[in-house]
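Undergrad: Top to bottom, those sequences are chains P and D. Here this note's numbering is used: the first residue of the first sequence is 1, the next is one more, and so on. Here this note's numbering is used: the first residue of the second sequence is 138, the next is one more, and so on.
In short, the hints are calculated from the structure, not lab data. Keep in mind it's a predicted model, so treat the numbers as computed, not measured. For every residue, glycine included, the Cβ atom is placed at its ideal position computed from N, Cα and C. Among the clues, some could well be false.
[As the list claims (entries may be wrong)] Pair by pair, the computed Cβ-Cβ distance ranges are: (1) D:Val317 <-> P:Glu76: 18 to 26 Å; (2) D:Ser333 <-> P:Thr92: 38 to 46 Å; (3) P:Pro102 <-> D:Ala159: 51 to 59 Å; (4) D:Glu326 <-> P:Lys90: 34 to 42 Å; (5) D:Leu308 <-> P:Gly18: 29 to 37 Å.
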Amino acid sequence: MAYSDKVVDHYNNPRNVGTLDKSSEEVGTGLVGAPECGDVMRLQIRVNPETQVIEEAKFKTFGCGSAIASSSLATEWVKGKTVSEALEIKNTDIVKELALPPVKIHCSVLAEDAIRAAIGDWKKKNGVAETEAVAAH
Amino acid sequence: MNCTSCQKPMQGSLLVCAACGAVQGDGAAAIDYFQALGVERKFGLNAGDLEREFHRLSRRLHPDRFVRATAEEQQNSLRATALLNDAWRTLRDPVERVEYLLKIEGHAVGEEHAGKGKSAERQPPPDLLEEVFELNMQLEELRMSQKMGETAEASVVADLTAAATRFEAMLQTVDERLAVEGAKWDSGESRAQAASRMIELLDRRRYVRNLVRDVRETLKTAA
Numbered sequence: 001m002a003y004s005d006k007v008v009d010h011y012n013n014p015r016n017v018g019t020l021d022k023s024s025e026e027v028g029t030g031l032v033g034a035p036e037c038g039d040v041m042r043l044q045i046r047v048n049p050e051t052q053v054i055e056e057a058k059f060k061t062f063g064c065g066s067a068i069a070s071s072s073l074a075t076e077w078v079k080g081k082t083v084s085e086a087l088e089i090k091n092t093d094i095v096k097e098l099a100l101p102p103v104k105i106h107c108s109v110l111a112e113d114a115i116r117a118a119i120g121d122w123k124k125k126n127g128v129a130e131t132e133a134v135a136a137h
Numbered sequence: 138m139n140c141t142s143c144q145k146p147m148q149g150s151l152l153v154c155a156a157c158g159a160v161q162g163d164g165a166a167a168i169d170y171f172q173a174l175g176v177e178r179k180f181g182l183n184a185g186d187l188e189r190e191f192h193r194l195s196r197r198l199h200p201d202r203f204v205r206a207t208a209e210e211q212q213n214s215l216r217a218t219a220l221l222n223d224a225w226r227t228l229r230d231p232v233e234r235v236e237y238l239l240k241i242e243g244h245a246v247g248e249e250h251a252g253k254g255k256s257a258e259r260q261p262p263p264d265l266l267e268e269v270f271e272l273n274m275q276l277e278e279l280r281m282s283q284k285m286g287e288t289a290e291a292s293v294v295a296d297l298t299a300a301a302t303r304f305e306a307m308l309q310t311v312d313e314r315l316a317v318e319g320a321k322w323d324s325g326e327s328r329a330q331a332a333s334r335m336i337e338l339l340d341r342r343r344y345v346r347n348l349v350r351d352v353r354e355t356l357k358t359a360a
């Protein structure tokens, strides 16, 4: 199966690979896995407590090219968005952008899950209720 | 189903008639692996019985026995033998048997159900994920140092070896639980629940198995 140019680009030059301080109050960490293929993806965000804007995002993914590209793209997209804006990112957006074939759609689902998990972790740390954050938007 | 040759009802394997010995024709292509081996469709099969049945049928169907038969009979023997071999390879392995049986029962297994349903519900447990992630990090470190031509640090190798052993034990546990759920299914009680548990266990198994394989392979080159 051939990967699209965008997948290859993200795979060869992944954006924002790395680690943020997990123990920081401003950092949310999402760790998700795809049991069918063994991929595991960690996505971290650092949120400005004043503005709720995601100022930094890092990822580390062990998996196929599509999983790496999906998480790389996810970090690019969440950066500069507020937490509630970032929650609006859908896996289908990632599929479109990367032109993922049907068998690789679960990679994009994983990336969306990772965003949600990271934001969920940040909310838990900062005592933000799920509904409150959405309503504040 | 009746024999295509003597018309008597088929007994045991649907590949060959127990009454007249005729190897069945085209229609046999549609039979499943359990029918091919003439065993009940269930998870808990006796390994010894299965093997005996396979050998017995192999001899009966063997193409060497049909060298002087008609072209059609030769064709049937070849087709039936191929199907019998596929059936044997799949059913003798307890895990492959589970996957196969779930599939023919209409369940989506493995990559087929990837990305379907609420993924949060199918997420591996967090502690397992954490461990898998850490292990992958160590694995990457080891591969990096190998690439650079450095000898791997003994502590990393020891950690990975210990992890591989631990994950292998996890596989063992998964296999035992698969057998328990299989037995429940076989007994006919709450089949749907047993099936969905088995699908989960298979996911977990695949996850861990790939990892163990990667670790073992990398350790081999480190040794």
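Undergrad: Now tell me, hint by hint, if it's right for this structure.
TA: Consistency of the hints with the structure:
1. D:Val317 <-> P:Glu76: 18 to 26 Å: violated (46 Å)
2. D:Ser333 <-> P:Thr92: 38 to 46 Å: violated (27 Å)
3. P:Pro102 <-> D:Ala159: 51 to 59 Å: violated (44 Å)
4. D:Glu326 <-> P:Lys90: 34 to 42 Å: The hinted range 34 to 42 Å holds for glutamate 326 of chain D and lysine 90 of chain P, with Cβ atoms some 41 Å apart.
5. D:Leu308 <-> P:Gly18: 29 to 37 Å: holds (32 Å)
In this structure, the earlier hints numbered 1, 2 and 3 are contradicted, and the remaining ones agree with it.
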